[in-house]
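On the provided structure of chain G, position chain E as indicated by the hints.
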Amino acid sequence: MRNSNVKVKLNQRLQESFKHNSDFIQKSYQIGSTNIDIFYLSTITDTKMFYSDIIEPSVSQDSSKVFKNKLSATEGFSFKEQPTIEASVQDILRGHMVILSDQWAGVFDCTLYKTLPLTETKVEKTIVGPQTGFSEDIDININLIRHRYHNNGLKIKDVSPKDQTTKMRLKILYDDNKVAPDLLDKLYEEMQSIQKDKFFQTAEELNQRIIEKNKNIFPTIMISERPDRIAYNIYKGKVVVLVEGSPFALIIPSTFMDFFSSMSDFYQPYWVSRFLKILRYLGLAISTTLPAAYVGFTSYNPELFKVELALSIAGSRAPVPYPSFVEVFLMLIMMEMLTEASIRLPKTIGPTATTVGGLILGQAATEAGLVSNIMIIIVASVAISNFVIPINQMSFAMRLEKYYLLLLTAVTGLIGLIVGLMSIILYLTHLSSMGNPYFKLTFSETPNYLKKGTYK
Amino acid sequence: MRRYFYYLILVNLFTNLVVYVPKILISHRYNGVLFSILIGTLLGLFLMYLFTSSMEKFPGRTQADIVSSHLPKWISSPYLFLVAILFFGTGYLILNAFIEVSKRFINPDMPNLVAAILFTSFVIAGAAVKSDRLLYFLEIILFFNLPLLLLVLVLAYINPFLSWDSIRTLIPQARFQISWESIGASCYTLLGFFYLATFNKFFSGKGSYLNWYRMILIGLLGLSIVLTSIVIPVGVAGIDGINSYVYPWISTTDSLQMEYGIIERVLFIFLFFHICISLIGATVSWHVSLDIFKAILPKIKFRQKNVTSYLVSFVFFVGVTTTSITLNIHQQLQIAKVYYISLIPASILSVALMYWIARRKRA
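So the protein lines, in turn, are chains G and E. Residue numbers for the first sequence follow the working numbering, so the first one is 1 and each next one is one higher. Residue numbers for the second sequence follow the working numbering, so the first one is 1 and each next one is one higher.
Honestly, the hints are just simulated from the structure, not real lab data. One should not assume that every hint holds.
Unchecked claim - Once the Cα atoms are required to be at most 30 Å apart in a straight line, the calculated DSS-like pairs of lysine-lysine come out as: (1) E:Lys-294 with G:Lys-186; (2) E:Lys-130 with G:Lys-178; (3) E:Lys-73 with E:Lys-301; (4) E:Lys-201 with E:Lys-299; (5) E:Lys-305 with G:Lys-186; (6) E:Lys-130 with G:Lys-215; (7) E:Lys-103 with G:Lys-306.
Said to hold, decoys possible - Here are the computed distance ranges between Cβ atoms for each label pair: (8) G:Ile-217 with E:Phe-144: 15 to 23 Å; (9) G:Glu-336 with E:Gln-304: 40 to 48 Å; (10) G:Val-326 with E:Ile-341: 49 to 57 Å; (11) E:Ile-300 with G:Ala-380: 49 to 57 Å; (12) E:Glu-139 with G:Glu-367: 44 to 52 Å.
As the list claims (entries may be wrong) - Stretch-level coverage of chain E by chain G, calculated; a stretch enters the list once three of its residues show a Cβ under 8 Å from a Cβ in chain G: (13) 102–110; (14) 123–129; (15) 257–264; (16) 271–277.
Where a beta carbon is used, it is the ideal one built from N, C-alpha and C, also for glycine.
Chain G extracted, bound-state conformation (with noise of 0.2 Å):
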C-alpha cells in the first residue's frame, strides 16, 4: 500500500467501526521511519508471541526491515495488497491482528483460544448442541460470545455502578443494530441506582439488586450460562450482561416464556420441540395446581370426579386421621426438604438420601397410615414436573407458588384455586421486566423493545 492517504482512512473508520468496545485495541509505533499501527481484540487475540519476538528485536533494532521479515516469516501471517474496511473489521472479528504500515498492510492470524478452563453447562443441559457453560473468567466468557457472534454491531461496554463497594468489572454486551436506545438509557440508569456500600459479586446478585424495589416472586430477568443463548438474545435486540468472576449472564428484558424455552429447541426437529414445550407448560400445570386440586377435591367437591374414581380416592384417604390439607402440606415439606438435601449433599452420597427419603418414607409413610396412597402419587408427580421447567429460576418461583394456591384451597375449596391462579396470572400480566411487558398470551415478532423509539 503505497498511499498513505488509505492508511489514515482505513485507521479512522477502523476506530470508528469498533467504538464502544472496551477490548479493542489500537497502538502506534514508530519504528525507523515507519508509522505502524495494529489493531486487535485484546480479549480474542494472543499477542504475547507478537510483541515478544516481533515488535520487541524490531523496536530495539530500531529496523522496519526487520519488523517486515520477522512477520513475514511468521505462521499465520500474509500481506494484503488491497485491504478493505470490511475484511479487515472480518479479520479483527475473528481474533486476527491487523497491522498497517506506511508502505504495507497485513493480517497477523494469532486468535486465541480459551478453551482449558471452560467446563460442561451444568444448570441448562441440553441433549445435543454445544456443551461448554460460561466460566468464571469474565474475558473468556467474552471470547466464546465473539466467538459466536462475528458482526461488528456487538457492542462491548465497560459500566460501573456508582458507588459500589467491590468495583467489579461489569460489562454490558448488545448489538448496536438491533437494540432500542431507550433500553440502554434505562439499563444504565438502573446500574447507577444500585445502591451505595451495596456489597454483590455475582450476576444472581446484581439481578437481585435491580429488581430489589419491586419484592418479586417471579423472576423478571433470566439468567444464563450458555453462550448459545446469549448470542441468540443479542441476535434479538437483548441486552447482556457480564459481571467479573460469574458464570452466569443476565438477559434484559427477559419474558414469562423465555423461562419455558431451552436451547435445544433450536436442535431439535420442529414437531418434537412444539411437544416438549407443551411437555413443559404440562409440567408447570402439575406441579403448581395439583397439591391445591387434590385438597379441594377431596375435602370440599368429590362430587366432582367420577363415583369410582371419588370411591377409590377416599377409600385410600379412610386410614388417615387428618384433614387433607394437614396431610399434603407434610408430604410437601417432606419432598422439599428432600431437594434441598439433595443439591447440598455431595454426589456420592445423594442417591441414598433419595432412596431413603423415597421410597423407604414414603412407603412407611402409607402403611403407617399417615398418608393415603394417592397422596405419594402427588407428591412425586409434583416433584418431578417441577423439575421440568427448563431455567432453574422459574421452577424455584414455582415450587413457592403451590404454596399459595394451596393454602386459599384450604380456606375456600376449589373457587379458592381458581380464583388463587387467575390472581397469579394478573399478577404477572402486571409485571414488568425493564419496562416491557413480561406475560402476554402473544409476543409479536417486532416487541417494542425492538422498535426504536417506541420504547415506554
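Below, chain E without anything else, positioned relative to chain G:
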C-alpha cells in the same frame, strides 16, 4: 391492538350468560321475548356503531377526558359520575350473582362474607392494574375459557334430551309486543363497546373499530349467544318447567354429561367458565369505573401519595360485602331489573352525547 376491542365485546357477551340476563329473558318467554331480543340486539349494534365511530375521532383519549374538555364542568362532572356509577353497577351485579352461585353450587360451607371478600379483593386488585396489562390479562383468560364454552355449547346442542319441540313453542310467542326489561337485558349483551371509555387510549392508530361485515358478524354472534341463552334452558327443562329454576343455565348444564372425561358433570366445566368470566367481567367494568372516578374526583393526598383510587376501591369493597350479606336473591334480581331498564336511556343518552361532541369537533 385492535383485536383487544373485540375481546372487550366478547367478555361482555359472555358475562350475560352468567348474570341475570337469561333469567330475565326467560321470565318474559310468553311475552314476545324473541321480538324484544331482536330489537335489543339491533339497538345495541346501532349504539355500538355510533359510539365507536365517535370515539375514533379522538384517538388515544378517554371518554372522561373528551367530555370534560368539551362541556362545562357543572354538566360533565355529574354526568361522568353517573357513568362511573353505571360501570360500577355492572361489576356489582356480576359479583353479587356470582357470590350467590358459588354458595349454592360450588361451596355451600363458605359464608357469603368470605366469598365476597375473596372475590372483591381480586377484582379490586385487577381493576388497579394498568389498562394495557389488563387487556393482556383479558386475552389470556379468554384464551383459556373459549374452548370450555365451546365444549359446553356443543355438548348442550348435541344432547339427546334437548327437546326441539319445547324450543319451537317459543316461536308462536313472538308476537309484536315488547318488554323494556328484556330489551334492556338483550341490549346489555352488546354494550361491551362502552369499555372504550377508558381503553380508547390504547387505540391511537389510524383505522376504524368496525366495518359493515364485522358489525354483521358481531350482531350475529350476539344474537346467537342471547338466543342460545334462552333456547338451551327451554329445550332442556321445557318451556313451563324452566320457570322453577332460579339459575336456568347452571341447572341446565348440570343435566349434561361427559362420558369419557375425568370430570363427568358438565356443570363443573361451566362453573369454571362462570368463575373466570364473572371475575374478569367485573374487573374490566370496575377498572373503567375507577378510571372515570380518578378523572373527576379531587385528588386526596396522604403522605404525598394520591389515595383517591384506594378510597373509591374501598367504597366498592364495602358496597359489595355489605349487600352480599343483607340482600337476598330476589332483591338482587329487582336491582338487576331496575339497572337494565335504566341502562337503555342511559346508554342512548351517553352515545348521543358522544356523537354530538364528535360532530361538533368535525364542524
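We went through each hint and held it up to the structure:
Distance hint between Lys-294 (chain E) and Lys-186 (chain G) is fulfilled; the C-alpha atoms sit about 29 Å from each other, no more than 30 Å. For the hint linking Lys-130 (chain E) to Lys-178 (chain G), the alpha-carbon distance of about 28 Å falls within 30 Å, and the restraint holds. Straight-line distance between C-alpha atoms of Lys-73 (chain E) and Lys-301 (chain E) comes to about 22 Å, which keeps the hinted pair within the 30 Å bound. At most 30 Å may separate the alpha-carbon atoms for a hinted pair to count; Lys-201 (chain E) and Lys-299 (chain E) meet this at roughly 21 Å.
Proposed proximity of Lys-305 (chain E) and Lys-186 (chain G) is supported: the alpha carbons are some 24 Å apart, at most 30 Å. With a C-alpha separation of about 18 Å, the suggested pair Lys-130 (chain E) and Lys-215 (chain G) falls inside the 30 Å cut-off, and the hint holds. Between the alpha carbons of Lys-103 (chain E) and Lys-306 (chain G) the distance comes to roughly 22 Å, so the proposed pair stays at or under 30 Å and holds. Between Ile-217 (chain G) and Phe-144 (chain E) the CB atoms are about 21 Å apart, so this pair conforms to the stated range of 15 to 23 Å.
One distance hint, 40 to 48 Å for the beta-carbon pair Glu-336 (chain G) and Gln-304 (chain E), holds here, with the actual separation near 42 Å. Our hint of 49 to 57 Å for Val-326 (chain G) and Ile-341 (chain E) holds, since their Cβ atoms are close to 51 Å apart. Distance hint check: the CB atoms of Ile-300 (chain E) and Ala-380 (chain G) are about 54 Å apart, consistent with the given range 49 to 57 Å. The hinted range of 44 to 52 Å is satisfied by Glu-139 (chain E) and Glu-367 (chain G), whose Cβ atoms lie roughly 49 Å apart.
Check result for the stretch 102–110 of chain E against chain G: holds, 5 residues qualifying (beta carbon to beta carbon below 8 Å, three or more required). Under the rule that three or more residues need a Cβ within less than 8 Å of chain G, the assignment of the stretch 123–129 of chain E holds, with 3 such residues. A stretch counts as covered by a chain when three or more of its residues have a beta carbon under 8 Å from one of that chain; for the stretch 257–264 of chain E and chain G the count is 3, and the coverage holds. For the stretch 271–277 of chain E, the stated coverage by chain G holds: 3 residues have a C-beta nearer than 8 Å to a C-beta of that chain, and at least 3 were required.
Figure legend: structure checked against the earlier numbered hints; every hint is met.
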